[in-house]
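Undergrad: Chains as they are written, first to last, in our numbering: chain A, 313 to 638; chain B, 313 to 638.
Some chain A residues judged to face chain B by a derived CB distance under 7 Å, without partners named:
id: 1; residue: 442
id: 2; residue: 576
id: 3; residue: 578
id: 4; residue: 633
id: 5; residue: 635
Hints are computed from structural coordinates only; laboratory data are not their basis. Being a predicted model, the structure only gives us computed values, none of them experimental. Note that the Cβ used here is the ideal one computed from N, Cα and C, for glycine as well.
2 protein chains.
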Amino acid sequence: MRIGIYGYGNLGRGVENAIRQNPDMKLVAVFTRRNPEDLVIGTPNVPVYHVDKAKEMSGDIDVMILCGGSATDLPEQTPELCKYFNVVDSFDTHAKIPEHFKNVDEMAKKSKKVGMISVGWDPGMFSLNRLYGSAILVDGEDYTFWGKGVSQGHSDAIRRIEGVVDAKQYTIPVEDALEAVRSGSAPKLTTRQKHIRECFVVAAEGADKEKIENEIKTMPNYFADYDTIVHFIALDELKREHSGIPHGGFVIRSGRTGKNLENNHIIEYSLKLDSNPEFTASVIVAYARAAYRLNNEGKSGAMTVLDVPPAYLSAKSNEELRKELL
Amino acid sequence: MRIGIYGYGNLGRGVENAIRQNPDMKLVAVFTRRNPEDLVIGTPNVPVYHVDKAKEMSGDIDVMILCGGSATDLPEQTPELCKYFNVVDSFDTHAKIPEHFKNVDEMAKKSKKVGMISVGWDPGMFSLNRLYGSAILVDGEDYTFWGKGVSQGHSDAIRRIEGVVDAKQYTIPVEDALEAVRSGSAPKLTTRQKHIRECFVVAAEGADKEKIENEIKTMPNYFADYDTIVHFIALDELKREHSGIPHGGFVIRSGRTGKNLENNHIIEYSLKLDSNPEFTASVIVAYARAAYRLNNEGKSGAMTVLDVPPAYLSAKSNEELRKELL
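Chain A on its own, in the form it takes in the complex (with noise of 0.2 Å):
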């Protein structure tokens, strides 16, 4: 399977990575809007090219992996790409999903290539074990909780404030709220009862923190309808114990079953990821590995994960999975 990916940020060498684990792939070229020449990628000989050169190597490439963001990257490269190569993206604004997918599928029919959408953890595993979750308890509520992570959006809401110099913010699950939900009690939960935000911020020399603090926790959709705490810290602190980029978090179906539906379940999937794009990527490619297969049987249009049978994602055959993993 010959892979493209086009875009290099955290993502992008996220998947280089993952392709290296996954021996039935071969990285064929990474492409960029920088200047080729500047970029250093982590795998020997090969090519970074120019994105304008993408479209020239339809023949070369099996399947495109697009890492590009969702804001505005990826609304206009998904289904231009998607004329030329089976695609992948992690397109992740939740609202637009129905836009993105009309505008790739019928890209995407025309040129009879798959374009896989939304793929990672959420949108992407989370979704499946909300679907999965649903369709089997029909009775019940499902509950999404995110974190101990970190929220590139909150962390730049508060970079934005006036006196601010760095800053970092994780998303962090109300372990009371989570163990209400596992107790079965199918409890009501509002923003503030089911997530912290905690920040540590380094302020500038002189700033007003008293000023800082105020303005991050009553910052409207961001931090006012949550309970917020702020922590100011050196620099040198910041860069050495919050440079990771974990994530995770909890989907939990709570649902009941029976005559008088007197008997409770509880399903839980949850992750504790290292690295938040490395997790992402290996997602991303065991479903460009999906998309070739689906693409190779004569499949075409945008799909997401809830399309896939799981079998298309492993290197293994389904008598292989059959024998050691059902």
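Please arrange chain B on chain A, whose structure you already have, making use of the hints.
TA: Same frame as chain A, now just chain B:
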């Protein structure tokens, strides 16, 4: 979707209840090897027939759900009944799945029906999670723990000991082993380190309890390789405190990514079930929906949970799923 239930024990009753929770399904008939006149089922106005009548009803039932046992019933029933119906079974003798699959596949391809086998939670949802986990985290280890829950086979084994009136055996995962796995340390665990077996035993009056306890603890395959705890209790206590059939367990994938595999990730899936047969039934009913839809699209042959696109399980449309769950 018109459903038949073939076999009416704990699982059959669970399926009956699950059908009631799914408005797109209708129970058409229950088939039994007993005298149908003697069987009172939980759904009013649904006929009970002798199993011999099933074949005549090929045109009246979209999916026949087979609720017999894996030892002798299903190896015969599933290949036979998929001549006439789409079928779903919960065949759970892991070592014989390849053979069962082959037998069902042959018949179902001839009859152009879908034969969905080994549906439930293990095999079933646990298999799915072993597959997803290993396809995503290629460098890693799989761990499956069962319990806390009642093992019917182990309870039966105790009951066969001379001087035992009744017994219930709980399989309990060892908390320290779970924690070691969750830490990402990828421990090698022996049988003894993973599970404890706790037995509640009612001895006959005058029976030699020490001898019974020793026979249990040294029983090969069932108990000899485990730390086993034996409690002797009175029959009324057994009936009062141990009449439920709870179960559950954990599938954990521990894996590594990164240039030097320096980042650890833990994927954990767990079930906590008040009623093992009712949960199994709920999984089966969701896969009955999938079997029906796949057959309507022209698919036939044997399948397992590994082959079914997740969206086929849900009563919701693909558009709804993408909008609400993805």
